[in-house]
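Participant: When the sequence shown is numbered by the numbering used here, its final residue is 248 and no position is left out of the sequence of numbers.
Rather than coming from a laboratory, the hints here were simulated on the basis of the structure. Think of the CB as a built atom: it goes at the ideal place given N, C-alpha and C, for glycine as much as any other residue. If a hint is listed, it holds; no wrong ones were tucked in.
Computed list of lysine-lysine pairs in DSS-like fashion (alpha-carbon distance at most 27 Å, straight line): (1) 138 <-> 221; (2) 213 <-> 138; (3) 195 <-> 177; (4) 221 <-> 177; (5) 210 <-> 177; (6) 210 <-> 221; (7) 109 <-> 213; (8) 195 <-> 109; (9) 138 <-> 181.
Pair ranges (Cβ atoms, derived): (10) 241 <-> 33: 31 to 41 Å; (11) 143 <-> 116: 19 to 29 Å; (12) 34 <-> 171: 43 to 53 Å; (13) 240 <-> 199: 35 to 45 Å; (14) 23 <-> 120: 42 to 52 Å; (15) 143 <-> 234: 21 to 31 Å; (16) 100 <-> 195: 27 to 37 Å; (17) 70 <-> 147: 50 to 60 Å; (18) 243 <-> 31: 32 to 42 Å; (19) 167 <-> 70: 54 to 64 Å; (20) 147 <-> 27: 39 to 49 Å.
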Amino acid sequence: MDMSHMNHMQMEHEAGTSYLWLIVGAIVLLFSIAAYIWASRTQGKILGHMKKKERADIQKKSRYLRLIAHALMAVSIVTFGLFFLQGAGAKYDVADLTSNATIDVTDDKYSGADHTEDPIQYEMTIPTSGPHNPHDIKFGFYTDFPGYNYLVHNLEHGDIIIYYRENASEDLKEHLKYLAKFREAGAGILAVPNKDIPEGSEVVVTAWTKTMKLDQFDDAKVGTFINKYINQGPEKIPASIRQGGGTM
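Working from the sequences, and respecting the hints, build out all of it.
Facilitator: Here it is as structure tokens:
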């Protein structure tokens with residue numbers, strides 16, 4: 001089992017564990033609310049005409065229920081805290097990807113960066129610069145091709161686009177879904193199906209004016225490309241503003 005697959009499994013395990021804490025916290029919170037309601041109803045049974053011992057017994061029972069409710073509330077707070085801490089820790093950092101493989105990357109011709117909503121005819125089959133739509137799209141894994149006019153805008157912001165064949169294996173698609181979760185500052189990764197992938201290539205990986213074609217998907221080479229070119233576009237936007245990618 002290679003290191004990337006182990007990291008993938010570890011991150012999926014961490015995500016599953018964090019959601020388990022969320023479920024436990026929600027259940028405990030419901031029990032604490034139920035205990036508070038029960039305690040209030042028990043306290044409400046104390047009437048003036050009751051004997052002293054009866055009132056004392058009901059008050060004791062009410063205090064006991066409230067104590068249980070407080071304890072359950074504390075446990076729910078702790079479990080919710082564990083959920084958010086684990087969620088915050090499950091970051092997909094490109095520094096965790098392989099970054100020292102030898103890669104063959106072409107430096108593509110710069111074709112401009114104007115914004116337009118008019119139809120665009122690109123010089124390159126798979127463009128890495130040029131006029132583009134004013135809107136870019138969200139990071140992530142895509143099952144439909146959104147159009148180069150949007151994707152080129154993503155490249156301008158430093159995103160990496162991994163183009164895969166529509167008939168790609170399920171294993172490759174699952175791995176691309178994993179890679180599409182990685183971020184670097186305000187830039188991210190998109191995995192997109194593409195009919196324009198040249199014969200003999202399994203994937204094409206692009207950044208702004210950069211292209212890497214791979215006969216077979218190579219995790220080390222893709223990781224190195226991502227590390228080298230992500231967030232290197234001419235128009236960088238801080239992560240605090242560009243949360244998760246574009247406007248479409």
